[in-house]
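Asks: Which chain is which? The protein sequence lines are A and B, in order. Numbering-wise (full-length UniProt numbering), the first sequence opens with residue 1 and increments by one. Numbering-wise (full-length UniProt numbering), the second sequence opens with residue 1 and increments by one.
Don't take every hint at face value.
If several chains are the same, the list does not tell them apart, and a pair holds so long as it fits within one copy or across any two.
To be verified - Within a straight-line C-alpha distance of at most 16 Å, the following computed EDC-like cross-link-like pairs (lysine to aspartate or glutamate) qualify:
no. : residue 1 : residue 2
1   : Lys223    : Glu196
2   : Lys272    : Asp169
3   : Lys132    : Glu32
4   : Lys132    : Glu357
5   : Lys55     : Glu160
6   : Lys375    : Asp324
7   : Lys161    : Asp296
8   : Lys375    : Glu24
9   : Lys161    : Glu303
Derived from the structure by calculation, the hints contain no laboratory data. Only a predicted model underlies this, so the values are computations on that prediction, with no experimental measurement involved.
There are 2 protein chains.
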Amino acid sequence: MNIFVINSGSSSIKYQLFHSESAEPVCSGLVERIGLGDSLIKHTVFINGEEKVTKLELDIPDHEAGMFEVEKLLVQPGIAVVHNPDDINVVGHRIVHGGETLTQTTIITEEVKEKIKQLYPLAPLHNPGHIKGIEVAQSIFKKATQVAVFDTAFHQTMPEKAYRYAIPDNFYKDYGIRVYGFHGISHKYVSGRAIEHLQKPDAKIITIHLGNGCSMAAVNAGKCIDTSMGLTPLDGLIMGTRSGNIDASVLLYLIEQQGYDAAELTSLLNKKSGMFGLTGYSDMRDITKMINEGSDAAALAYEMYAYRIRKFIGAYSAAMNGLDAIVFTAGVGENDALVREMACHDMDFMGIQISTEENAQRKPGLRDVSASQSKVKVLVIPTNEELEIAKQCKALLQN
Amino acid sequence: MNIFVINSGSSSIKYQLFHSESAEPVCSGLVERIGLGDSLIKHTVFINGEEKVTKLELDIPDHEAGMFEVEKLLVQPGIAVVHNPDDINVVGHRIVHGGETLTQTTIITEEVKEKIKQLYPLAPLHNPGHIKGIEVAQSIFKKATQVAVFDTAFHQTMPEKAYRYAIPDNFYKDYGIRVYGFHGISHKYVSGRAIEHLQKPDAKIITIHLGNGCSMAAVNAGKCIDTSMGLTPLDGLIMGTRSGNIDASVLLYLIEQQGYDAAELTSLLNKKSGMFGLTGYSDMRDITKMINEGSDAAALAYEMYAYRIRKFIGAYSAAMNGLDAIVFTAGVGENDALVREMACHDMDFMGIQISTEENAQRKPGLRDVSASQSKVKVLVIPTNEELEIAKQCKALLQN
Ligand SMILES: Nc1ncnc2c1ncn2[C@@H]1O[C@H](COP(=O)(O)OP(=O)(O)O)[C@@H](O)[C@H]1O
Ligand SMILES: Nc1ncnc2c1ncn2[C@@H]1O[C@H](COP(=O)(O)OP(=O)(O)O)[C@@H](O)[C@H]1O
Chain A
1 MNIFVINSGS SSIKYQLFHS ESAEPVCSGL VERIGLGDSL IKHTVFINGE EKVTKLELDI
61 PDHEAGMFEV EKLLVQPGIA VVHNPDDINV VGHRIVHGGE TLTQTTIITE EVKEKIKQLY
121 PLAPLHNPGH IKGIEVAQSI FKKATQVAVF DTAFHQTMPE KAYRYAIPDN FYKDYGIRVY
181 GFHGISHKYV SGRAIEHLQK PDAKIITIHL GNGCSMAAVN AGKCIDTSMG LTPLDGLIMG
241 TRSGNIDASV LLYLIEQQGY DAAELTSLLN KKSGMFGLTG YSDMRDITKM INEGSDAAAL
301 AYEMYAYRIR KFIGAYSAAM NGLDAIVFTA GVGENDALVR EMACHDMDFM GIQISTEENA
361 QRKPGLRDVS ASQSKVKVLV IPTNEELEIA KQCKALLQN
Chain B
1 MNIFVINSGS SSIKYQLFHS ESAEPVCSGL VERIGLGDSL IKHTVFINGE EKVTKLELDI
61 PDHEAGMFEV EKLLVQPGIA VVHNPDDINV VGHRIVHGGE TLTQTTIITE EVKEKIKQLY
121 PLAPLHNPGH IKGIEVAQSI FKKATQVAVF DTAFHQTMPE KAYRYAIPDN FYKDYGIRVY
181 GFHGISHKYV SGRAIEHLQK PDAKIITIHL GNGCSMAAVN AGKCIDTSMG LTPLDGLIMG
241 TRSGNIDASV LLYLIEQQGY DAAELTSLLN KKSGMFGLTG YSDMRDITKM INEGSDAAAL
301 AYEMYAYRIR KFIGAYSAAM NGLDAIVFTA GVGENDALVR EMACHDMDFM GIQISTEENA
361 QRKPGLRDVS ASQSKVKVLV IPTNEELEIA KQCKALLQN
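Produce the complete structure using the sequences and hints provided.
Replies: Structure (structure tokens):
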């Protein structure tokens, strides 16, 4: 089975092709700056452990033109990964927002598309790009089954006490204002891997996804019972450029006393805050460099970032009344030993003891960085959202 | 020493008079609806275990007129508590917001008044009423030393990682946007009592103040290291009418997609949310009644209220890497056994075990409601902010 995984944004398309018998992709690529001029395609084919990279600079006015170029690359002599676009059996689409009605991986019908469109007000930056990706994929991969995999779906098992806000009922009923949670494909993937590793299906696990966006999930026996992002991906942890938790009155103060408007605040809190707001950089590698150069601002930002994670570890341990493992994943979680160290030191009251030595080492794949006597396992598990999407597509179609 | 404690709001004045040798007030009272017509004074004198209540309905145009009536009651034959207003040695004023500069109980000078006024933008609902109270007290109790006791002061020991938001630095430096925390007089009082009770000066304590407003504090060796309210008293726990934590994007969504303005959101989140928003009632007694009558909304609201407390208990245990006691206080914390039960059951992973039997009983004073095997003590300690203010005034003037 050939599974083509697409993550279609407002001006970009990311993709990977899997043969269903392997966890390694056959090719992967990125189309950037769609409709913005100076568009770029980077297409990488993996053959016998080697990478063949093709880069194209050309004008791509819309998603259809972009996908048409990708289609040509898939069959291009010398780097062909399929004989014919019709050899693609399934296209798996990553969809950020599935709301309360799209709670499972599902074959895309007109009704499903309609529901994704109805969620535009809740996901104005994401769902419109996904619909473009679906429509283009439908016109190009005509023989393929189109499947939607939702970033919110894994969190739909949360109990009402965890997903409701304490505002009048009608805001939930009329506008759907509640905690949805995001990064669900990643939280599901790494918690599944942790359960396998622990050989404990009823394990109590906290997954910590630290990329540009950051979120945590409390996963009890494979089911998410709480998560740190909310109505949108702004809430919770401190991120590359997002503030995470903040007193809502800060916004009211800035509007009423300092003349800000909603558009300015949206940009401030999503694009100019977080690590970037505190240090001028959003990439943890730059901020680590600042720390090494003696920057107090960078040291404070790291402390705040790690402290917020610690508090969620405590909160979710209390919510589950127990903890078997915590899992670090994504760019920062997989690579930044300092963040893991700072989040886990002096946590023996919660049964967490990290091995400074193990933690400092760089190794590929799943690894256990807890001290031998630690009651709670501290795991580093590389996330793989594309593989998870491919797996879910395969599982759906084999049922 | 006669210490007159005043809590002056925008349209009310609460007061108590203490003789410094006793923890029981000599009299207490409330002036309501100042400047609103149909004003009311309720004045209670405590003599030999009896209460003598005087109620007056009259027109009180401003704080000065109100305090003038109180002055008359203090010396009124039959219920006199002092011979002469000049017998009042100290007036202790509760001040909500002391910002970063007023961090300790202090004698009120012109400079202190100026600083309280500079904080009007951060505390527009409170500090102006306090200044009125101070000026009236200065003109009526001319011989008394005027002392300010701040609700924010106890939280000023928090480390920077706990009090900073992840927004650009200049919002902190230019506007003072940070976590201040409130209810500090209460958190200080009950944590002090808990330390005495445990006979452990370096105890790790979580104080849970549940009144109409609700907040928690992590108190390590007598010093606050974190608290749940933020720039304003809106953030953190679910309260009678306030939402507590909410994704800041909810506000942006309501402004951009539903046409709300800042004034409407301020009112929505502060006055129409919390338990009131979820059930139509803000008083826990009414909501308990609804539960007993089978209301699902009331049951959910209680679950949410208790769940939020549990998560902060976990978060603060992680922050302190340990926990010796949790303390419930204020109207709900002292009286609502169901909230305490729901917040503490299934928390043995954190070392918390509540005694259902002890917890269900109503008793005055400090009491221990933990199960005998509980590692963490669960205490109920009645708060007494007026007494704490009087104690702090006395301590200041005896130095
Ligand atoms: N070696 C490293 N050390 C520290 N941080 C790293 C390292 N490599 C990547 N990162 C961090 O990972 C982030 C990107 O994570 P990633 O999971 O790719 O993000 P996303 O998928 O959310 O865009 C970068 O911004 C950087 O902060
Ligand atoms: N017996 C009781 N059972 C449950 N809740 C109670 C009881 N008595 C008082 N309360 C709660 O206490 C709240 C008031 O608490 P209090 O500490 O006096 O508030 P504040 O000082 O913040 O105005 C009431 O709104 C009510 O919800």
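Asks: A separate judgement is required for each hint: does it hold in the structure or not?
Replies: Hints and how they fare:
no.: 1; hint: Lys223 x Glu196; result: within (14 Å within a copy, 43 Å between copies)
no.: 2; hint: Lys272 x Asp169; result: between (32 Å within a copy, 11 Å between copies)
no.: 3; hint: Lys132 x Glu32; result: within (15 Å within a copy, 61 Å between copies)
no.: 4; hint: Lys132 x Glu357; result: neither (47 Å within a copy, 61 Å between copies)
no.: 5; hint: Lys55 x Glu160; result: neither (48 Å within a copy, 47 Å between copies)
no.: 6; hint: Lys375 x Asp324; result: within (7 Å within a copy, 21 Å between copies)
no.: 7; hint: Lys161 x Asp296; result: between (39 Å within a copy, 12 Å between copies)
no.: 8; hint: Lys375 x Glu24; result: neither (33 Å within a copy, 50 Å between copies)
no.: 9; hint: Lys161 x Glu303; result: between (30 Å within a copy, 6 Å between copies)
Hints 4, 5, 8 from the list above are not met by this structure, while the remaining hints are.
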